[in-house]
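Start from the sequences and build out the full structure, keeping to the hints where you can.
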Amino acid sequence: MRRGSREPQLLSQSDIDAAVADLLSSSDEAFTAAALTLARACINKRLSRQEARGLIARLLEDKDGLRRTLARLVDDGEKESQLAVADLLLCLAVEIKPALAALQPSQLVDVAAVVVDLVTWRHISADGSSRCYGPDESLAVKHGLKADAAADIVTLVRLGLLIAALQALREAAPQEGACLRDLLLAGHQTTIKQCLTVTRTDIEGSVSRTAFDVLKSLLLPFTPSPSSPDAEDPAPIPLQLSLPLFTLLVDHVVELAEGTTLMHAQGLLMALELPGLVARAASWRQDRSLREKDVKRLVRQHIYPHMETLLGIIASAQGGMLAVGTATVGAISEFSGQWDSPTHVPRSSCRPLLDNPSLIMTAIKAANAIVGQDVELPPYVYTTMLFVGKLSLTV
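Position one of the sequence shown corresponds to residue 1133 (the numbering used here), numbered consecutively onward.
Calculated from the structure, these hints are not laboratory results.
Glycine included, C-beta positions come from ideal geometry on N, C-alpha and C.
Mixed in with the good hints there might be a few duds.
What follows is a set of in silico ranges between Cβ atoms, one per label pair, in the way DEER data are often shown [as the list claims (entries may be wrong)]:
1) Thr-1322 with Gln-1145: 39 to 45 Å
2) Gln-1433 with Ala-1281: 39 to 45 Å
3) Pro-1370 with Asp-1207: 32 to 38 Å
4) Asn-1488 with Asp-1249: 46 to 52 Å
5) Gln-1470 with Asp-1147: 57 to 63 Å
6) Gln-1239 with Gln-1433: 35 to 41 Å
7) Leu-1315 with Glu-1210: 24 to 30 Å
Here it is as structure tokens:
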């Protein structure tokens, strides 16, 4: 150690215990003061990693305290408490995943249910953001993100908690995780729309990547544990929950096509990857009791109405938007190919493509041009776009 320098003095255990007691209390004033004390301690390295992880563990184990904490995080009307909890949780972010992993599966399921109940969205703003805090207001923005401008740390923390809970369930309690995923897809479409909005509007990319990770975690399979008799099969999203995602996807693509902001490279890559994820989720093994007429009804509701809109985008778009529109149509065709005759797309919907099949090659050239802009395309994008050509042969 250099002369005159000294290590930061760690908080005493009694100081930590007192702060945690206030953190878990119902008093907003005591909570805010304790959260700021602990956030400063994290930033100034006055908490060891073990103490930080223990702090998160104590918060997760107190269900009522956790509910109050997350309720303060999402309350835009109480700026001081919201900022304090956002700063604290962002400073402790690296310890949240290991703390969740240390829980017993039954505890984890309960905690994840609280997270989904509290941090999901009931309504969203036009740009998908919450109140933003600048480096002069937020300890985490100044010292953690080291940002010069205001940042939407509340949305970042909410999305981070969601992805941490979903990933922990996938590893420790996959069957329960699949049930919670289905509950989220069925009852929290506003949250899915929020994630899509963030991927469009977050130009800097700090929040959009986390939003996209939440979407991926919902769409990827929750594989049962090896002890399960069905270990070789994923727990599929029911078709009545996966097909409505095509409607949300197309709405997202239309918003991109009509948007006034320039699509950044990361946003473009996410927009290209998403259609394939949705198609694969909808193509998983389904319950044998699913009737053909139910499949047809769902397809008529969530597939057919969008084809003309998407092909109109392909016919008029250029560059990245052309590739995104084509990848989306290709993903729909990929899904349709899994079901044979029940899901054939009406010929009238494909008229723009049938009248001008050269659009397929134009779209592939657009994708190649994107590669030249230092955007790495997912390997299946080319294959997916070629499915568009199959439409002209099958309709």
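* **Gln-1470 versus Asp-1147 beta-carbon gap, inside 57 to 63 Å or not** => Since Gln-1470 and Asp-1147 have Cβ atoms about 59 Å apart, the given range 57 to 63 Å holds.
* Asked: Are Gln-1433 and Ala-1281 spaced within 39 to 45 Å by their CB atoms?
  -> 43 Å, holds
* **Hint check for Gln-1433 and Gln-1239 - Cβ pair distance inside 35 to 41 Å** => At 39 Å between Cβs, range holds.
* Is 39 to 45 Å a correct range for the gap between the Cβ atoms of Thr-1322 and Gln-1145? -> Given about 42 Å between the Cβ atoms, the range holds.
* To do: May I ask you to test the hint 24 to 30 Å on the CB atoms belonging to Leu-1315 and Glu-1210?
  => 28 Å, holds
* To do: Take the C-beta atom of Pro-1370 and the C-beta atom of Asp-1207, compute their distance, and say whether it sits inside 32 to 38 Å.
  => Given range 32 to 38 Å: holds, Cβ gap about 34 Å.
* Is it true that Asn-1488 and Asp-1249 lie within 46 to 52 Å of each other by Cβ? -> 49 Å, holds
The structure shown violates none of the earlier numbered hints.
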